[in-house]
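Asks: In case you want the letters, here they are:
Number of protein chains: 2
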Amino acid sequence: MTPSQDLAPLQVTDSPEEKFREYLEIRGEKLTEPRRVLVNHIFNTHKHFDADELVADLRESGRRVSRSTVYRTLRLMVDAGLLRELRLTNRSAYEHSYGYPSHDHMHCTQCGAIVEFRNEEIRKLRELIGQEFGFRPDNHRFVITGQCSDCLKARGRRRKLDQI
Amino acid sequence: MTPSQDLAPLQVTDSPEEKFREYLEIRGEKLTEPRRVLVNHIFNTHKHFDADELVADLRESGRRVSRSTVYRTLRLMVDAGLLRELRLTNRSAYEHSYGYPSHDHMHCTQCGAIVEFRNEEIRKLRELIGQEFGFRPDNHRFVITGQCSDCLKARGRRRKLDQI
DNA sequence: TTGTGTGCAAAAGTTTTGCAGTTTT
DNA sequence: AAAACTGCAAAACTTTTGCACACAA
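Top to bottom, those sequences are chains L and Z. Per the numbering used here, the first sequence starts with residue 1, numbered consecutively. Per the numbering used here, the second sequence starts with residue 1, numbered consecutively.
Just so you know, the hints here were simulated from the structure itself, not pulled from any lab data. Among the hints, a few may not be true.
Any copy, or any two copies together, can satisfy a pair, since identical chains are not distinguished.
Said to hold, decoys possible - For lysine to any residue, the following SDA-like pairs were computed, each having C-alpha atoms within a straight-line distance of at most 25 angstroms:
| id | residue 1 | residue 2 |
| --- | --- | --- |
| 1 | Lys124 | Glu18 |
| 2 | Lys124 | Pro137 |
| 3 | Lys30 | Gly99 |
| 4 | Lys47 | Arg136 |
| 5 | Lys19 | His103 |
| 6 | Lys124 | Leu86 |
| 7 | Lys47 | Gln110 |
| 8 | Lys47 | Arg87 |
| 9 | Lys153 | Gly130 |
| 10 | Lys124 | Asn40 |
With these hints in hand, go ahead and build the complete structure from the sequences.
Replies: As structure tokens, then:
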């Protein structure tokens, strides 16, 4: 998994499991055992992950859920507003959306690290631009790509060595 | 293809083909016939496209280039700074980068339209945030998702009909 | 002539789906 | 009991790669 720097969680009244149950109930769908396992596992640690890592993680911890169910449930959780989907590479990555402040990302193109940050200006900008074009924004993704501080340091070191 | 709203092109001295040749020459690589066909076809019209559409377009116009070569050349053109890769869905979309001002996108989640816009604040914000985290930005992607004006109008109409 | 590139077909990688059997309400 | 869900295997998609032949400098 790529390293990730975290923000402080928000206070929420419902647990993710409750929130998921509500979403499913409204649509006449069911909070089954595999779905409970998934929602709890996912919200147990705060990190970015993809479908494959999730399957592997679960398998390791003995609570096996099939790949199909993982994919189906991830989609549900995105629709339910519990998760957000990030498309930084060919495979989709996911992160907590529920109980976590809205934020954006810096993506290190060298080591793959994902660093989160919060900035209020972006949301204002998004509304402003939407108005200008008669577009109704419901979300946004802002990803800054470049090199993270660790890689910059490492590169500095390498440069010095090169000079010897 | 998804509709797209365009900005005015920039003035550039080299043609995309020239620019591509330069890039390839530096690396001891060659501007072959299929690569010329691709670079010219792509810069002939300004629109967002994906690998599949490109293959189909070319086939239709009689200038057939194999799928492998299309994929390989797209990667080269991105590296050469001619194209930018967008990951809005599972398949990568591409747009002109060379000879076209830097800009960002609104993506309509209903009809898939891509609307381009230019806003200077975003770049400033990106530098500011980079500084704050010791991150060296080299690029960014800012995508506002929501509903475009056309879909909002259509929805308005549908709502009225629903009330009858 | 010596790489480098192309096309094909096959593989690899990610995600979706049909279906038979199972679980949930 | 009815409806929804799961796991499996197979399929669907997108993208990459090995290889024999072709081409460009």
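Asks: Each hint: holds or not?
Replies: How the hints compare with the structure:
Neither within a single protomer nor between protomers do Lys124 and Glu18 lie at most 25 angstroms apart by alpha-carbon distance, with minima of 31 angstroms and 41 angstroms respectively. Both within a single protomer and between protomers do Lys124 and Pro137 lie at most 25 angstroms apart by alpha-carbon distance, with minima of 11 angstroms and 22 angstroms respectively. Taking the shortest alpha-carbon separations for Lys30 and Gly99, only the intra-copy value of 22 angstroms comes in at or below 25 angstroms, while the best inter-copy value is 53 angstroms. Taking the closest pair of Cα atoms, Lys47 and Arg136 come within 25 angstroms of each other only across two copies (23 angstroms); inside a single copy the shortest separation is 30 angstroms, beyond that limit.
Proximity of Lys19 to His103 under the C-alpha cut-off of 25 angstroms is restricted to the intra-copy arrangement: shortest distance 21 angstroms within a copy versus 37 angstroms between copies. For the homomeric pair Lys124 and Leu86, the shortest alpha-carbon distances inside one copy (21 angstroms) and between copies (23 angstroms) are both at most 25 angstroms. Proximity of Lys47 and Gln110 under a CA criterion of 25 angstroms is satisfied intra-copy only: 19 angstroms inside one chain copy versus 30 angstroms between copies. Taking the shortest alpha-carbon separations for Lys47 and Arg87, both the intra-copy value of 15 angstroms and the inter-copy value of 21 angstroms come in at or below 25 angstroms.
In the homo-oligomer, the alpha carbons of Lys153 and Gly130 lie at most 25 angstroms apart only across protomers (15 angstroms), although the nearest pairing inside one protomer, at 39 angstroms, exceeds that limit. Neither within a single protomer nor between protomers do Lys124 and Asn40 lie at most 25 angstroms apart by alpha-carbon distance, with minima of 34 angstroms and 39 angstroms respectively.
Hints 1, 10, counting from the list given before, are not met by this structure.
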